[in-house]
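Chemist: Spelled out, the chains give:
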Amino acid sequence: MSPATVQETTSNASPPPSDGQIRPLLKMEGIDKAFPGVQALKDAGITVHAGEVVALMGENGAGKSTLVKALVGIHHPDAGKISFLGRQVRFDTPLQAIEAGIAVIYQEFNLVPELTVRENLFLGQEKARFWIDRSGEQAKALEVLKRLEADLDPEAKVGALSVAQQQAVEIAKALLLKAKIIFMDEPTAALSPREVDRLLEVIGDLRDEGLGIVYISHRLEEVFRVADTVTVLRDGELVGIRPTSEMTRPQLIELMVGRKVEAEFPSREKPDQARSPEASSRQPLIEVRGLTAGDKVKDVSFSLYPGEILGLSGLVGAGRTALARLIFAADPIDSGQILLRGKPLHQRSPVDAIGNGICLLNEDRKLQGLFLEHAVQANFAIASLSKFSRLGWVRDQAVRRALQRYVERFRIRMPGMGTPVKNLSGGNQQKVLLARWLETHSDIVLFDEPTRGIDVGAKYDIYILVNELAAAGKGVLFISSEFPEVLGMCDRILVMHEGRLKGEVRDVKNATQEDLLAMAVS
Amino acid sequence: MNFRSFASDYGMLAVLILLCAYFSWATLQEQPPRGEAAAQALADVLAEEAPANASIAILSKSNPDGTRFAQRLQERLESAGLTVTAALQGDPPSVRTRLRELTAQGTEIDILATTADYRLLAESLVEAQPELSQADVRLPPASRWPTFLLTENLLNVANQIVVIAVIAIGMTMVIITGGIDLSVGSLIALSAVAATWLIRWAGAAEASASEMVLASLGGILLSAGLGLFSGVMVTAVRIPSFIATLAMMQVASGLAFIISGGLPIYQVPDTYTALGRGQLFSIPIAVILMAILYLLAHLLMSHTRLGRYIYAVGGNAEAARLSGVRVQRIRLFVFAVSGAMAGLGGIVLASQLKSGSPTYGLTYELYVIAAVVVGGASLSGGRGKIFGTLIGALIIAVINNGMNLTNVESYTQKVVLGFVVLGAVVLDSIRKRAWKN
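Chains H and C supply the protein sequences, listed in that same order. One point on numbering: in our numbering, the residue at position 34 of the first sequence is 34, and numbering is uninterrupted. One point on numbering: in our numbering, the residue at position 396 of the second sequence is 396, and numbering is uninterrupted.
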């Protein structure tokens, strides 16, 4: 490291406590923002100091994204004060915010897949008038990537990188722009546990270099690991700023939800035979034998019994989603067999799978599940239209009656059944998809990351629903990257690694996250 | 919310109404009444003003309007107690001759009752014949009424747009699934040529009605088959529909020239124009056909499983597949429908023009796509309404017709039409942006 950099970082790391109080990097106070029909922010705010990781928490719709957008000038607040580096500021466009030193890394990255890492890093910042100073850029790129300990070739195409690597590029871009504060929106949503560890380390390093980090996440575990303070929004209002060390998990959840939450996972009567399937003489609902497809799924065999919640865990890319898609006939099988109640299945497409009583809730809600522009009602009915129609004529009354039952049961909040589904919050969108699949009355339910990106309250509703399905004698395959969730919900847990089944946990009660991780990485 | 969705679905309806209002205003002028309406109006005036013993002569053309006018006026005047001395019908020379005979016999005539058609004739007669110098020429009072809103003009608008509107039904379905069909213009020509070729082969001008029907079905089926073939290219071979149908555009056009030998086929019976020029209850049959097809397509798209699946495929093809929709079949279906509709459009056009030529339908695909886009369908798929497309087609027709009536030259019309399409797309994207926030 050059002497200049050392000097810079030291001066940043120890802000002058002139008047006894440390001046914050960023302070937003009393921010109001109203949209037609909604008061999105009401006296909201956040304070970030240099060398601090602030977790910005809140349920979906609490106003976290709106607050960030109000800061960087995507939205213009109706009232409130923003001071940055001790000066009162107001950014009219995101570009001004970036130039001032505020970087935001959104869930959807702002990278051009067809360009290289270097080209992306310097996009819009090219120094040259006409000819690009390639070697100079390359040196700078290598330097910043090294600072992040990211082992990346600057000339690699960004589209070919993993999510974690693309994220590293985004962070590097922020550093190159000399950002003083980096906002990260759900940065770990698509990362494996190992990659999450790496990211949290990097965040720690950046904090030590004197940057302010705002960490927006639903994952309480990570928040407690990385954040110094927690700022909680509820219904657009700032409800608390607390040091993480003085808080417990239930307290944080309570603060976010605004009511006392009994337990993170609902309890249920677990049938004994589910825990030791072989002990019972019951026939498995579905039995998979030596299932193989490309190098994503290799020789996987397992059984799923009625009334069982079977967890399927592992790292991202371990082949869990691919396995579920094979059972649902969404992708072709190379070899192996699937038996439904002892009879071999020959499915050519999801149409056949649905006919056989199998359903799949996708991990990617937006790309593979929803018709975003279409009405809630249409999104709900699509998989059961043959049931809702007579001689090809759809009876909308019947559709609405059926949907109404789910609206009440799952507490789906929406303006109306004719509203485009994209106007619903993530949790409510997920509930609409759940309703879609429950209406098919499938016996085998494949849930791929059913709680990804949805808030605590909605998660709990979904857990209850999964328990109800099992109680009704259906077989549930529960895929999740969050170990606490798998441990809290499932009767048995299968762990995958690089396309193969690496192990099975029978005694879920006494298993730990470390046990699962050990199997998932070996 | 409801208003907004209504506005986004049918905002173009407001544009259509505004256009109609504008062209009504711009073409407002004195409209001489005709037929029975003219008789009624004139009878009222004469009953009021004519002296009871006046001798009245009715002058009228020998067309249906003229006949109706003469008969009705005579009845009305006689029932009002007036004397109709003569009712002279025919072309100007014969009317003149007969009137001269009458006056030569000494018949006195005080009033010449006629319509705007024979106004000049009547006035020249009064001037030329001294016996008539005392006579009054009376016309039904003219009313101010927009030329645009005359029944015959409105039917004309509808009749001119039938071919494009019918094809736009199939195009709407293709576009809603996220595809596009550029081959429809060529399929018009191919279908028209194939049908007229079959009729010529079956007996030319002596072909029977059933032979004509079969020949037309042949043209439609051929087009549907080629549409289906485009669909196969799109689904099985996974060629983008833009390219597959661009190729089909060439293929179909080439086939039309091969079949016809490059020349129009005129050898069809006179009755072949029944579809294109015939009327039922004084409404053109082609317009009735169009209305029925739109009604059926609307019901299909908004109330049936198939319709829901078409929207689903365009909204999110992968989600549709994973929800148990047979995506490939849906795509095949819409391309086949688009081909069939283009074929039907070709038949209507051949019937209107009483011939089949390989040059028919040139650049029609652009008008059809314009109608669909102006009607509010999204080129990225998943969104669009059948009646929206009808409105889009009508907007194009009204603009063309209105500009013709207001003497705007055709080059300017093209420029205006181009901006209308652009405007529709801009409106659509503004609407989308408004939704995002």
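Simulated from the structure, these hints should not be mistaken for laboratory data. If you're wondering where the values come from, they're calculated on a predicted model, not measured in any experiment. Each residue gets a CB set at the ideal place from its N, CA and C atoms; glycine is no exception. Fair warning: there could be bad hints in the mix.
What the hints assert, rightly or not - So these bits of chain H aren't anywhere near chain C, every CB distance computed over 12 Å:
1. V316
2. K366
3. R436
Claimed, not checked - Covered stretches of chain C (in silico footprint by chain H; criterion: 3 or more residues with CB under 8 Å from a CB of chain H, positions within the stretch not fixed):
4. 310 to 317
5. 322 to 331
Chemist: None of the hints should be skipped; say for each whether it holds.
Modeler: Do the hints match the structure? See the list:
The claim that V316/H is not at the interface with chain C holds, since no C-beta of that chain comes within 12 Å of its own (minimum 20 Å). Interface exclusion of K366/H from chain C breaks down, the closest Cβ pair being 9 Å apart, not more than 12 Å. Taking the minimum C-beta to C-beta distance to chain C, about 7 Å, the non-interface status of R436/H is violated against the 12 Å cut. Chain H is given as covering the segment 310 to 317 of chain C, and this holds because 4 residues of the stretch bring a CB closer than 8 Å to a CB of that chain, at least three being needed.
Given as covered by chain H, the segment 322 to 331 of chain C passes the check, having 5 residues with a CB less than 8 Å from a CB of that chain where 3 are the minimum.
Violated hints, in rising order: 2, 3; the structure is consistent with all others.
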